[in-house]
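Visitor: The listed protein sequences derive, respectively, from chains A and B.
Yeah, the first sequence ends on 214 if you go by the numbering used here, and it's all consecutive.
Yeah, the second sequence ends on 1377 if you go by the numbering used here, and it's all consecutive.
These are calculated hints, taken from the structure and not from any lab test.
Any given hint might turn out to be false.
[What the hints assert, rightly or not] With beta-carbon atoms standing in for the labels, derived distance ranges: (1) B/L1143 / A/S75: 57 to 65 Å; (2) B/H1245 / A/L193: 30 to 38 Å; (3) B/V1100 / A/K83: 21 to 29 Å; (4) B/Q1070 / A/R189: 14 to 22 Å; (5) B/E1292 / A/S109: 43 to 51 Å; (6) B/K1298 / A/D194: 41 to 49 Å; (7) A/N151 / B/V1100: 33 to 41 Å; (8) B/K1300 / A/G85: 22 to 30 Å; (9) A/S75 / B/R1077: 40 to 48 Å; (10) B/E1284 / A/E126: 52 to 60 Å; (11) A/N151 / B/H1176: 50 to 58 Å.
[Unchecked claim] Here are the simulated DMTMM-like pairs of lysine to aspartate or glutamate, each with C-alpha atoms no more than 20 Å apart in a straight line: (12) A/K146 / B/E1307; (13) B/K1219 / A/E168; (14) A/K83 / B/D1328; (15) A/K203 / B/D1274; (16) A/K83 / A/E71; (17) B/K1192 / B/D1274; (18) A/K83 / B/D1132; (19) A/K203 / B/E1064; (20) B/K1330 / A/D208; (21) B/K1061 / A/D208; (22) B/K1354 / A/E168.
Note that this is a predicted model, so its numbers are computed, not measured.
Heads up, the beta-carbon is just placed ideally off N, CA and C, and yes, glycines get one too.
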Amino acid sequence: MKRGREIVGIVGKRKPDSVCKTSQRFDRMVNKKNKVKGNKDIGLSVTSRNKEVNLAQSETNQAMTNEQLIEQLTSANPDAVVKQGSQYPEITVAHDKLHAFMQNIKSDSSLAFDYLVCETGVDYPEFIQVVYHLESTSHRHFMVVKANTENRETATLDTVSDIWPTAEFHECEIYDLLGIRFNNHPNLRRYFLDDTWGHPLRKDFHDDIHVVER
Amino acid sequence: MAEFSEKYIITDEIKADEYLVNIGPQHPSTHGVLRLLTRLEGEIVHNVEPHIGYIHSGIEKMTEALSYPQIVHLTDRMDYLSAHMNNEAVCLCVENALQVEVPERVKYIRTIFDELQRLASHQLWWCASGMDLGALTAFFYGLRDREDILDIFEETCGARLTLNYSVPGGVMFDIHPNFQKSVKAFITKFRKKLPEYDKLLTDNIIFQNRTKGVGVLSKEDAIAFGVTGPTGRASGFSCDVRKHHPYSAYPYIKFDEKLGTDGDSFMRWKVRMDEMWESMNIIEQLIDNIPEGDFAVKMKGVIKLPEGEFYQRVESARGEFGVYIVSDGKKNPYRVKFRSPGFSNLFTINHIAKGWKIADLVAIMATFDLVIPDIDR
């Protein structure tokens, strides 16, 4: 048991609260009787907590309409292309300004886009486009950001994985299937295919055996 | 094949007392072909690196050669336990793009199927994760009750797992005359069975010791890593698409979004157990009120989407499932992206499993409810 605690301490680069929980758990294992007594009220407080959380959210819930969102984005980024897409506001950002722009829309408290829903790429004849679907969990507004690579041959973009950690994995997938290299990415590797494959979601990818073209 | 190269195996320098263990690709607790490259010191996990792609089937590439009604049939091969939600997502996306309003009857039927599918998925999750934690009895209980739902599916649409019941414009056939009766009979029965589930595992002290406080995911991390579904809600991240972006018949009904605060394995477990009760409440609100009318609207023989981009999100049993269609006006899409909940959820595992024992890693995996084809697509 002692050995176990020591190791947990070494690994303790983790957050202090989870380390604390680990040691609490050891204590619980030892004092099983106490555990049985405390058992019932831990049982199910999910629903009661539900109301508090919902209340807290409704107070901060000041969603911007799409028009307000477009207006604010246009005034803040005069050189970017902002328009109303089929459902959501869409903004196309120049590839060299992408990282600064993304950092700004996450830290700006009136926008607060803290949830990267989806990141993907689309291959067009002159460039490859990376599409970011973003939502704000406090304001509940939704927006689409697009960034085009300079060309298709040496397709590169800045990573946003330091802003939203989930982007790290979506970017690996994009690199695998579309061949966009992300600058400053911590661990860019191919997730699905090995090096003998090209990048299948590119339109000029041909494979007589595996891909049926119509 | 590419030659064996070390770069796939070792991503970081290994310290003196550490060693590497592959969990998977063929391992019961990974629920499919997933390889977790774990760096251990004794029993303590220092690093987990998921390696995926063993059943990558290139569905996104395939869709570029298919018409929209055909794409629907591919989607239930991804997350086969949320088959109907995936079908519905594509159908809703196509209908929104064409601005087709489906009959009320279709909305009700789809929503009931959604919730039945969610129940079936949570039942299988319950029994499989019980088995992961060493409780084999759970597996038989769960599969026994899931059978009733699959029978209802079979009665109405002929399929048990990959339903293909939704089509753009409605559903493929009208519901079976016995549908309402058998759904009500199932709910009456399952309301009595579900407390057994709690008795067997949730209240079990061994089970609680293995899950409480294990693998804590904070709310901030859940949002940053894009963790959705019951897994994200257990951390207090309010991410229920049914609540925030209601579709089909969800705007008409009252239900609670189950939120936890602890974000540990036990809370993830609890949120799913509570969602089963909530799903039954939703079905009961709808089942007697299915409006009369057509079960589909007439669509054109060849469906062509207008030029543009369309995104549709639905709540699958695992989290937020998204369909992103880029259309150039032809009968095939230019590009389709499926945002699968499992992909985002899986990659938090390194973040929360560090420092726990290898048996705790299994408990964390069990409460994440991963479906591998959903991740690999």
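Visitor: Taking the hints in turn, state whether each one holds.
Guide: Each hint, compared with the structure:
1. B/L1143 / A/S75: 57 to 65 Å: holds (58 Å)
2. B/H1245 / A/L193: 30 to 38 Å: holds (33 Å)
3. B/V1100 / A/K83: 21 to 29 Å: holds (24 Å)
4. B/Q1070 / A/R189: 14 to 22 Å: violated (33 Å)
5. B/E1292 / A/S109: 43 to 51 Å: Holds - the Cβ-Cβ distance for B/E1292 and A/S109, about 50 Å, lies within 43 to 51 Å.
6. B/K1298 / A/D194: 41 to 49 Å: holds (47 Å)
7. A/N151 / B/V1100: 33 to 41 Å: holds (39 Å)
8. B/K1300 / A/G85: 22 to 30 Å: The hint (22 to 30 Å, Cβ to Cβ) holds, given that B/K1300 and A/G85 are roughly 24 Å apart.
9. A/S75 / B/R1077: 40 to 48 Å: This hint holds: roughly 46 Å between Cβ atoms.
10. B/E1284 / A/E126: 52 to 60 Å: Roughly 55 Å apart at Cβ, these two residues keep to the hinted range, so it holds.
11. A/N151 / B/H1176: 50 to 58 Å: holds (56 Å)
12. A/K146 / B/E1307: holds (17 Å)
13. B/K1219 / A/E168: Holds, at roughly 19 Å.
14. A/K83 / B/D1328: Holds, because 18 Å separates the two Cα atoms, which is no more than 20 Å.
15. A/K203 / B/D1274: Measuring from Cα to Cα gives roughly 46 Å; hence the hint is violated.
16. A/K83 / A/E71: Answer holds: A/K83 to A/E71 is near 10 Å, not above 20 Å.
17. B/K1192 / B/D1274: holds (14 Å)
18. A/K83 / B/D1132: violated (50 Å)
19. A/K203 / B/E1064: holds (10 Å)
20. B/K1330 / A/D208: Violated: B/K1330 and A/D208 sit about 23 Å apart, past 20 Å.
21. B/K1061 / A/D208: holds (14 Å)
22. B/K1354 / A/E168: Holds, at about 18 Å.
Consistency with the previously given hints fails for numbers 4, 15, 18 and 20, ordered from lowest to highest.
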